[in-house]
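Colleague: Line by line, the protein sequences give chains H, F and C. Numbers 762 to 920, taken from the working numbering, label the letters of the first sequence in order. Numbers 762 to 920, taken from the working numbering, label the letters of the second sequence in order. Numbers 762 to 920, taken from the working numbering, label the letters of the third sequence in order.
Don't take every hint at face value.
Which copy is meant is left open, so a pair is good if it fits within one copy or across any two.
[What the hints assert, rightly or not] List of simulated lysine-lysine pairs, BS3-like, C-alpha gap at most 27 Å:
#1 K819 / K853
#2 K811 / K836
#3 K915 / K853
#4 K877 / K836
#5 K857 / K818
#6 K892 / K828
#7 K857 / K877
#8 K858 / K819
Just so you know, these hints were derived from the structure itself, not from any lab.
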Amino acid sequence: MAENDKTTIVLFSGELDKAIAAFIIANGAAAYDHEVTIFFTFWGLNTLRKDQLIAVKKGILEKMFGKMMPRGADKLGLSKMNFGGIGPQMIKHVMKKHNVLSLPQLIELAQEQGVKLVACTMTMDLLGLQKEELIDGIDYAGVAAYLGDAADAKVNLFI
Amino acid sequence: MAENDKTTIVLFSGELDKAIAAFIIANGAAAYDHEVTIFFTFWGLNTLRKDQLIAVKKGILEKMFGKMMPRGADKLGLSKMNFGGIGPQMIKHVMKKHNVLSLPQLIELAQEQGVKLVACTMTMDLLGLQKEELIDGIDYAGVAAYLGDAADAKVNLFI
Amino acid sequence: MAENDKTTIVLFSGELDKAIAAFIIANGAAAYDHEVTIFFTFWGLNTLRKDQLIAVKKGILEKMFGKMMPRGADKLGLSKMNFGGIGPQMIKHVMKKHNVLSLPQLIELAQEQGVKLVACTMTMDLLGLQKEELIDGIDYAGVAAYLGDAADAKVNLFI
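Chain H on its own, in the form it takes in the complex (with noise of 0.2 Å):
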């Protein structure tokens, strides 16, 4: 049997319309059979924070960008329009109404396909995220372990 085409994503951003295209591509490919890993760096973890604030010991740096960061994927901004989070409103209404799911769901869903969801350490140390304040299911690695994937992929987008 032929292998799996490979489709790998970093997300970097950390805004709600990115992370719905990336996701909206990452379960289109796994749809068609692929291999996806998302590779969540920088602002991009933070679509992978619990909504819930989590009681963990940090610095007072780490604890200035836990409270300065998004809490999870639906508090992210819009990287264009956000007009302090009526943007963000906006574009929920257009995707219930289009019955397209949303960011939350977009997630569970590629849970469910098997897309590989990767928290990159080195950025979870730069800005003092925790295991604990991320969702469950997910992978932990570090840039060589996305090469790895990245180099036997089809498809490579940095998002």
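Start from chain H and add chains F and C according to the hints.
Modeller: Just chains F and C now, with coordinates in the frame of chain H:
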């Protein structure tokens, strides 16, 4: 005869500088006989809007999106140093001075060279953009068609 | 002996966080014996500027661009949470604390590992940047050279 190489670009961003980069890469690849597809999604769709106001029936949210987003390649702002529209004028001035094609000319050249310009139908629905509002000679498709092209392509970029 | 894998990155963005991501991926790929090219275009070119002011003859617009854009890797801002330059200081602080190389060190390492750093000559013309203003040991080329590398590469990213 060997099959042609393929190049695909997802143009997600709606800024002049990023659209110029996308079309310079696309036209360069087409000049080397690559089959090139640009898939326009989210704010990238604004690149394809006609510059005149087209009367179509829309809901309130769709009307608001339509008004707030730039109408066509000539109205896009810069991702940096936009300065309320002075930045784009400066860039257009230096492009002309150095005989670089303008964005509308780059789009025309791409169409002449057979670059396939594809508007993402799902985003058109979300943003309430209708076919009449987009330039002529483009294709309409969803993420599945993009993935079909990308899986065969040597160069795949997300801009 | 098998030919080495190739990786190319277009660095379009001129922000510290994106430049760090680009160089960490590039250095990782080089450590795995990939031939790596970073093609610096538009705002990404600022990463390659020397930090001292270099006296070169320029027109008025080119002088303005030169003044408004950050002079070198150590002056770049963040794409998020820049806070007038406090954000970059915070990131630099946590990078040092976690023994992550700084951007200037990442650039040096890339040059030591043979990563090819290529300045886009067309954008240099547009922004009025001259060779004397950019760091030593880099190459100069246009989009055709980039496409030649990318068509042979396994991993191609646009950052």
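Colleague: So, for every hint listed, does it hold in this structure?
Modeller: Each hint tested on the structure:
no.: 1; hint: K819 / K853; result: between (33 Å within a copy, 18 Å between copies)
no.: 2; hint: K811 / K836; result: within (10 Å within a copy, 34 Å between copies)
no.: 3; hint: K915 / K853; result: neither (31 Å within a copy, 35 Å between copies)
no.: 4; hint: K877 / K836; result: within (22 Å within a copy, 36 Å between copies)
no.: 5; hint: K857 / K818; result: between (38 Å within a copy, 20 Å between copies)
no.: 6; hint: K892 / K828; result: within (16 Å within a copy, 43 Å between copies)
no.: 7; hint: K857 / K877; result: within (26 Å within a copy, 30 Å between copies)
no.: 8; hint: K858 / K819; result: between (41 Å within a copy, 14 Å between copies)
Figure legend: structure checked against the earlier numbered hints; the only hint not met is number 3.
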